[in-house]
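Novice: The primary structure of each chain is shown beneath.
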Amino acid sequence: DIQMTQSPSLLSASVGDRVTINCKASQNINKYLNWYQQKLGEAPKLLIYNTNNLQTGIPSRFSGSGSGTDYTLTISSLQPEDFGTYFCFQHNSWPGTFGAGTKLELK
Amino acid sequence: EVQLVESGGGLVQPGRSLKLSCAASGFTFSNYYMAWVRQAPKKGLEWVATISTSGSRTYYPDSVKGRFTISRDNAKSSLYLQMNSLKSEDTATYYCARQRTMGITPSYFDYWGQGVMVTVSS
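So the sequences go chain by chain: Y and S.
Mapping of the first sequence onto the working numbering: position 3 corresponds to residue 260, and the numbering continues sequentially without gaps.
Mapping of the second sequence onto the working numbering: position 44 corresponds to residue 48, and the numbering continues sequentially without gaps.
It is worth saying that the hints were derived from the structure and are not from the lab.
Just so you know, even glycine gets a beta-carbon here, dropped at the ideal spot from N, CA and C.
Incorrect hints may have been included.
Said to hold, decoys possible - The following label-pair restraints were derived from C-beta to C-beta distances:
#	chain 1	residue 1	chain 2	residue 2	range
1	S	107	Y	279	27 to 33 Å
2	Y	285	S	82	26 to 32 Å
3	S	19	Y	322	46 to 52 Å
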């Protein structure tokens with residue numbers, strides 16, 4: 258199985274900050290990388306699919322980039338509603354695998 | 005609006021069985037692959053099972069293969085997960101999710117339900 262290493266595991270930031278979250282795959286995943294946001298007690302929400310495609314309804318402050326084994330989620334200007342946990346997920350090969358998550362908290 | 009509502013969770017003893025259900029609405033259920041994904045307490049997410057639109061193809065990771073069975077009823081827009089020989093490590097919140105495909109290959113999950121808790125303990 259492909260291992261997804263996500264960093265950092267905890268990120269403290271302020272409203273208005275630019276933040277980046279990283280995911281590194283154990284092998285090339287051909288840009289089949291997706292990002293999810295999860296708030297406490299809620300269902301995960303798809304933000305970005307296939308590296309850099311914004312899911313319908315997701316604000317443009319979210320963006321994704323990367324190739325090969327290294328991928329990044331960027332939030333250009335953090336808003337109060339963006340705090341929560343973020344997961345990456347690869348579907349290049351099955352079983353699809355998730356990163357361990359990044360908890361984004363208010364500094 | 006896409007809605008997925010899980011039910012059927014609860015406390016069950018090791019070795020026993022439990023069946024989860026997911027009621028879908030807001031989209032043409034029969035046109036989409038569907039899946040179950042779980043999250044153990046304070047742990048990450050793990051894909052559990054996927055089923056094709058007709059139900060003819062199913063996919064499982066080794067951790068549940070032979071114990072879990074995913075099924076669907078397109079007439080009722082419902083998804084199911086039959087879990088047998090449950091173990092303590094199956095304790096988790098189970099999410100129903102709609103799954104996109106690349107051709108006939110499962111890909112990412114685009115909508116998720118709120119989840120249902122399953123606790124396996126004596």
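Novice: Decide, hint by hint, whether the structure agrees.
Specialist: Each hint, compared with the structure:
{"no.": "1", "hint": "107/S <-> 279/Y: 27 to 33 Å", "in the structure": "holds, 30 Å"}
{"no.": "2", "hint": "285/Y <-> 82/S: 26 to 32 Å", "in the structure": "violated, 38 Å"}
{"no.": "3", "hint": "19/S <-> 322/Y: 46 to 52 Å", "in the structure": "holds, 47 Å"}
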